[in-house]
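From first to last, the protein sequence lines are chains A and B. Its first residue numbered 1, the first sequence is counted upward by one per residue in this note's numbering. Its first residue numbered 1, the second sequence is counted upward by one per residue in this note's numbering.
Since the hints were derived computationally from the structure, they do not count as laboratory data. Be careful, since some hints might not be right.
[Said to hold, decoys possible] Listed below are the simulated BS3-like cross-link pairs for lysine-lysine, each with C-alpha atoms no more than 27 Å apart in a straight line:
| no. | chain 1 | residue 1 | chain 2 | residue 2 |
| --- | --- | --- | --- | --- |
| 1 | A | Lys96 | B | Lys71 |
| 2 | A | Lys70 | B | Lys57 |
| 3 | A | Lys51 | A | Lys108 |
[Claimed, not checked] Which residues of chain B face chain A? A few of them, derived with a C-beta cut under 7 Å, are:
| no. | residue |
| --- | --- |
| 4 | Pro43 |
| 5 | Leu105 |
| 6 | Gly108 |
| 7 | Glu109 |
| 8 | Gly110 |
C-beta: ideal position from N, C-alpha, C; glycine also.
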Amino acid sequence: GQQLNQSPQSMFIQEGEDVSMNCTSSSIFNTWLWYKQDPGEGPVLLIALYKAGELTSNGRLTAQFGITRKDSFLNISASIPSDVGIYFCAGLNFNKFYFGSGTKLNVKP
Amino acid sequence: DTGVSQDPRHKITKRGQNVTFRCDPISEHNRLYWYRQTLGQGPEFLTYFQNEAQLEKSRLLSDRFSAERPKGSFSTLEIQRTEQGDSAMYLCASSLGLAENTGELFFGEGSRLTVL
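Please work from the sequences and hints to get the whole structure.
Pasting the structure below:
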């Protein structure tokens with residue numbers, strides 16, 4: 001299958017700090033999605049990106065669709081304790097969604 | 001609640017037993033997906049349906065796994081003769097597939113399977 005590499009694998013930050021994580025692939029995708037997953041729950045969609053170069057915000061979250069269509073990043077500004085969780089990127093190709101292995105975010109109050 | 005719903009949320013079974021999971025997608029969504037997720041990993045694609053047609057199956061889906069979506073609405077995923085390696089979270093998701101390569105995928109809460 002098509003592999004998505006997410007980095008970093010995990011992060012420990014202080015409440016109030018900004019966070020950046022990214023996702024790269026050797027394949028081109030036409031849609032990039034970012035999800036957050038809490039323990040024991042399904043992933044929840046945060047942001048969807050449809051055009052190369054597109055920058056989209058959702059509250060304190062900002063994501064960009066890379067120009068090459070092979071990467072995307074997610075920024076979280078002014079982190080709060082409820083941002084704790086695992087963040088997944090996903091790329092869509094030929095009606096299949098491929099997922100990265102996640103970035104685990106820990107926020108210290 | 002009009003999101004994707006899955007049942008049961010948790011299932012504990014003995015090796016060799018059969019289990020079945022049900023998924024009810026968002027009502028207007030024509031595409032339905034099954035994923036498997038193990039600890040520390042992202043969701044892995046198993047299969048997907050467009051309406052009632054099963055369009056693709058992953059090589060991860062052995063002969064013991066079967067999925068159906070008989071009327072293009074809810075779907076079931078059955079695992080026969082379960083093995084300990086089948087222990088995982090089984091996630092269902094749906095999408096409104098209006099055009100190729102666009103769309104957003106919405107997940108249910110998952111069905112966690114533990115095989116003893």
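Do the hints match the structure? See the list:
no. : hint                 : result
1   : Lys96(A) - Lys71(B)  : holds (21 Å)
2   : Lys70(A) - Lys57(B)  : holds (25 Å)
3   : Lys51(A) - Lys108(A) : violated (35 Å)
4   : Pro43                : holds (5 Å)
5   : Leu105               : holds (5 Å)
6   : Gly108               : holds (5 Å)
7   : Glu109               : holds (5 Å)
8   : Gly110               : holds (5 Å)
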